[in-house]
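Participant: Spelled out from the first residue to the last, the chains are:
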Amino acid sequence: MPDQSNHPALRPGKDEVKFFINGREVVGKKGETIITVAAREGVYVPHYCWHPALSVAGNCRLCLVEIHTPNPKDPTAKPLPAPKPVIGCQTPISPGMHVYTESALTKDCQNGMMEFLLANHPLDCPVCDRGGECMLQRYSMDYGHGHARMVDKKRKFLKPSADPLIDIERNRCIMCTRCVRFNDEVAGDHVMGVFDRGEGNYIGTFGQGPISNIFSGNVIDICPVGCLTSKPFRFKARVWELLQTQSTSIWDASGAKVTHWTRNGKLYRTTPPSRKYHGTYTVNEDTEEFIDNVTRFGSDFSFHEDRWDESRVRVGSTLLPGAYSEALKQAAVGLAKAKLNHGPDALAVVVSPRATMEEGFLAGKFARNVIGTENVDWRLNVSAPDAVHTAITHADGDLEGGFDAVVLINGDFVHTTPTFASRVKEHARIFGRPIIQIGHYHDPYFAQHSKLRFHCAPGETAGALASLAKAVKGDAQAGNLLAKTFNVNAERIEALVAVMKAEHGRALILQNLQDMGGNYLADEVPAAIALKQSLGAAWRYLPVITDRNAFGLPLVGAEPTNKGEGFAAGKLVEQIESGRIRAVLAIGADPLANYPDQPRMLRALDSLEFFVVSDLFASEVTKRAHVFIAAASHLEKSGTYCDVEGNLARINDADPPRGGSRADWETIAGIATLIGSDKFAYKATEEVFREMIKTLAPDFQGSFKGLLLPGPRNDFSIADPGGARNRTPQYNPGDYRVDGAHFRSAGNEVEFAAKTPRAPRSVPAGQYLLAWGRHVQGADYHLDRASIANLLQIPPYVEVNPVDAEKLGAEHLDGGVLTVGEQSYAVEIRVKAGPAPGVIYMPLLAGRVLARYADAPIVSLEVVDSPATTEAAAH
Amino acid sequence: MAILKNRHDEIEKLCAKYPSRRSALLPVLWMVQEQEGWVSQDAMKEVAEIIGCTAAEVYEVVSFYTMYNQKPVGRHHIQFCHTLACAICGSHEAVGHIREKYGFDEGASISRDGKFSLVEVECIGACTEAPAMLVGETLYGNLTPERLDEVLNARN
Ligand code: SF4
Ligand code: SF4
Ligand code: FES
Ligand code: FES
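Going down the list, the protein sequences come from chains A and B. According to my numbering, the first sequence is numbered sequentially starting from 4. According to my numbering, the second sequence is numbered sequentially starting from 26.
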């Protein structure tokens, strides 16, 4: 739960409640429950159904505690024992109350509840995947009996589960309903339920269907027992035999932390960070670190058989495997020759949006100091690079301390930055904060909490933002116009404006840089920043984007500083075709991944005079390289990432690089040294980090507690980055935060005036405007090679507004054929209130299905019922 | 929208009675059951869409109450009480009698000719007349084998 304790509206002293836990006086806030205050005071109350991220259910009764309350007739007399023990997770604290968590009565309750919970529980521990991190095992040791008195036959359930990722073993379920509440409240999809009643109670999904949301994997950790377990990890290893490496997600720009569990060079599972908690390592117990399914299940791509773990050099028409050092030498010679023949500006360095900050920093340093060009860029997948740059350099928002209201502009937030979106929603839910959605796509994930919705036609959004800014400034006419245009209640707009203007109000404007229809961003980004600027200091602006290190790479100079005419990775083809770029060094970047016209890109790459690729896999791109350098995967190297909120996090190497591969930072430094620079003599990423931070924030004095070296050496000092490594995590939640500072690119503080918005496009009857966005579950050349890629990637689908669905005669999950110009695509139709009427939304599946267009294309959609016809139309 | 296609106005009237649409769940399910005799999975999906919740939530409710039939029923649906008072007064024997005499296969809930369906339910509030049963919506108490035959034969 976001900490609101420093919210200006909460004055200290007000609402304080003094009471006693085990005789010790403690202070809590009015409305808090016994268990929360006890946890804060270091007193452990055992619990199953209570979880800090979820609503209180109060059904496991394990948290029963004895309480005594002051005698109402004579407050000075001895407190009176309550007639019955109470549940700590739901009972609010009251002044003068005495709570006993260790008394004989409390112990008796715990013991009794454990016996009930175990009455029907199978003796499965030796074959149960939860063994070793199971709360039922632990509590049995701590609070249980040691022997069973149950003589009757145990209840048995059938085991069907249609979910491809999660196994259900109902006999082990203790009916805490955490999984049901998690899906309902956090994942926003009440897909699981408690069915039947009494002794027949069981957990499941409707019609044994899958748990189909991007957060579903979290039920594995949130289930306190072994009822919900991971199918890919099933029976593969016992958790205590695995080595834990703390790291961060390379997919989700929200900056989710993870633990990779490995043994003998094999990755067994990825989970939210493991913590030492009451004696055992557990995952997601009393913490709220959820991760999306791509992060959880997608990390094993580096073991794919396509992996090239030896460097290669082109001899004639073949790439011959060879030593890393030889490949580096050839790369250095080739790049130096290209520079000599065509000048430095004929060279370009393209880095992956998933490169670490160290790699981005070295790429920038290499381009500028060694080659002498500004041609370095990470924005391969971005179709509006200037708008994205403006947005990122003006970001100043975060969720620390919460918000009073949030404006969401145009986008599928939950599939852009899943965990960040879940935290925004959690805050809105717990504190009842309003969400306002503006744009031609509204995220259905936030539907329940959206108090105001302005469903614009594409192109109208910038204008709506400008009117809103005017309304906040007191222009009543603008407010009325908004109300009329979007058919919303004028009073609700007024109420919202009041929140926005409130003196202590804190609010966020979140903008999705998902390319919702191409170059609309060019208008919408300035309009959003202008809205923020008109609202005063308490408002914050925060754009989100799927590219993991989109916020870190501009910060360290992996972007050209000359705007306009400068190099842009998104326009690589044009620049090669015009002869401007003749040699390319691609660092983990796949120019093909998001490019619509694949043959054209391949022709362009073929025409390059010199092409060096550092990557993991054999692919159409790497096969065209003159020099291929085998790169280490994210499991085999270390480095830093910056998330959308400006927090840094580290990936750490769980294993040494496979075969002859090397981390990209070594490769860049190696080539630079061979070309003749003496400024690239690094021995470890920590050294690069130190130099990078000095360049980035020369005056930075904070500590990097826990960031660089997980283990006993928690305090990283810039002066001494070395030190022993111990992979066993020894830190507490929160240690990963970089104290004191968010890292933000400095925006040149321009006053933005919203431009006159374009008029909405007119669309012929029966046709629609297509909006699209990139999606973490979209195809990606790394995710393609995860062992269960087919389960993680989404099928091609379109979302259609219910109004349009009715006109089309389409029902949810019907098959359809989408026609864009000459091309037809088979799609699944999902009826959702997300897109505005007249708009069809489709996630961009990495160029495979849909191209990037300069403007929202006009498309038509036809409903095809039978999936067979749909298959056929795909080709 | 197949099952409740023509009952839009009735449903809207029902929903208007409650502060939130979800509260109309039970009566809308009744409408389905009155019309179809039972609540199918398709019906649950449809009700979910009408009410604005998920199919899992509808199924939670349907599976909680024995009064909603999750399987098709016979022309006459018998709900026989098997709670304490009725059990003491011979509900088990009576159920056995029905199963045997009216053509129920082992484990089946519908008779072979589809005329009768039978479920055992918890107390139906007629303990003073135990053993008791409901046929459709009509209550019959003080059931002896003779009286049972009399009631059921009248409908055979
Ligand atoms: S859920 Fe826990 S207690 Fe039950 S079998 Fe699995 S490990 Fe053992
Ligand atoms: S499956 Fe797990 S989380 Fe869900 S109710 Fe059962 S024990 Fe609780
Ligand atoms: S934790 Fe309090 S009842 Fe379950
Ligand atoms: S016990 Fe049968 S009606 Fe009450």
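There could be a bad hint or two in this list.
[Said to hold, decoys possible] Lysine-lysine pairs mimicking DSSO-like chemistry, simulated, CA-CA at most 30 Å apart:
1. B:126 x A:454
2. B:126 x A:835
3. A:156 x B:38
4. A:476 x A:454
5. A:234 x A:157
6. A:454 x B:38
7. A:487 x A:504
8. B:70 x A:476
9. B:96 x B:126
10. A:159 x B:140
11. A:32 x A:340
12. B:96 x B:30
13. A:810 x B:126
[Stated by the list, open to error] Here are some of the chain A residues that sit facing chain B, going by a computed Cβ distance under 7 Å:
14. 87
15. 199
16. 201
17. 209
18. 213
Hint data in this document are derived by calculation from the structure and do not stem from the laboratory. Here a beta-carbon is modelled for each residue, glycine too, at the ideal position from N, C-alpha and C.
Participant: Would you mind confirming whether the straight-line C-alpha gap from residue 810 of chain A to residue 126 of chain B stays at or under 30 Å?
Facilitator: Given pair residue 810 of chain A, residue 126 of chain B is violated - Cα atoms ~54 Å apart, limit 30 Å.
Participant: Below or equal to 30 Å on CA atoms is what counts here, so check residue 159 of chain A against residue 140 of chain B.
Facilitator: violated (33 Å)
Participant: Does residue 209 of chain A pass the interface check with chain B, least Cβ-Cβ distance below 7 Å?
Facilitator: holds (4 Å)
Participant: For the pair we were handed, residue 70 of chain B and residue 476 of chain A, check the Cα-Cα distance against 30 Å.
Facilitator: violated (46 Å)
Participant: Between the alpha carbons of residue 454 of chain A and residue 38 of chain B, is the straight-line distance 30 Å or under?
Facilitator: Between residue 454 of chain A and residue 38 of chain B the Cα gap is close to 25 Å, so the pair holds against 30 Å.
Participant: Quick one, are residue 32 of chain A and residue 340 of chain A close enough, alpha carbons at most 30 Å?
Facilitator: Violated, because 70 Å separates the two Cα atoms, which is more than 30 Å.
Participant: Does the CB of residue 201 of chain A sit less than 7 Å away from some CB of chain B?
Facilitator: Violated, because the Cβ-Cβ distance from residue 201 of chain A to chain B comes to roughly 9 Å (cut-off 7 Å).
Participant: Can you confirm whether the C-alpha distance between residue 476 of chain A and residue 454 of chain A stays at or below 30 Å?
Facilitator: holds (21 Å)
Participant: CA of residue 126 of chain B to CA of residue 454 of chain A, is that 30 Å or under?
Facilitator: Violated, because 61 Å separates the two Cα atoms, which is more than 30 Å.
Participant: Would you mind confirming whether the straight-line C-alpha gap from residue 156 of chain A to residue 38 of chain B stays at or under 30 Å?
Facilitator: Measuring from Cα to Cα gives roughly 49 Å; hence the hint is violated.
Participant: Quick check on residue 199 of chain A please, does its C-beta sit within 7 Å of some C-beta on chain B?
Facilitator: The hint holds - residue 199 of chain A has a Cβ within 7 Å of chain B, the shortest such distance being about 5 Å.
Participant: Take the C-alpha atoms of residue 96 of chain B and residue 30 of chain B, compute the straight-line distance between them, and say whether it is at most 30 Å.
Facilitator: OK: residue 96 of chain B and residue 30 of chain B at ~21 Å, within 30 Å.
Of the numbered hints given earlier, the model fails hints 1, 2, 3, 8, 10, 11, 13, 14, 16 and 18; all others are met.
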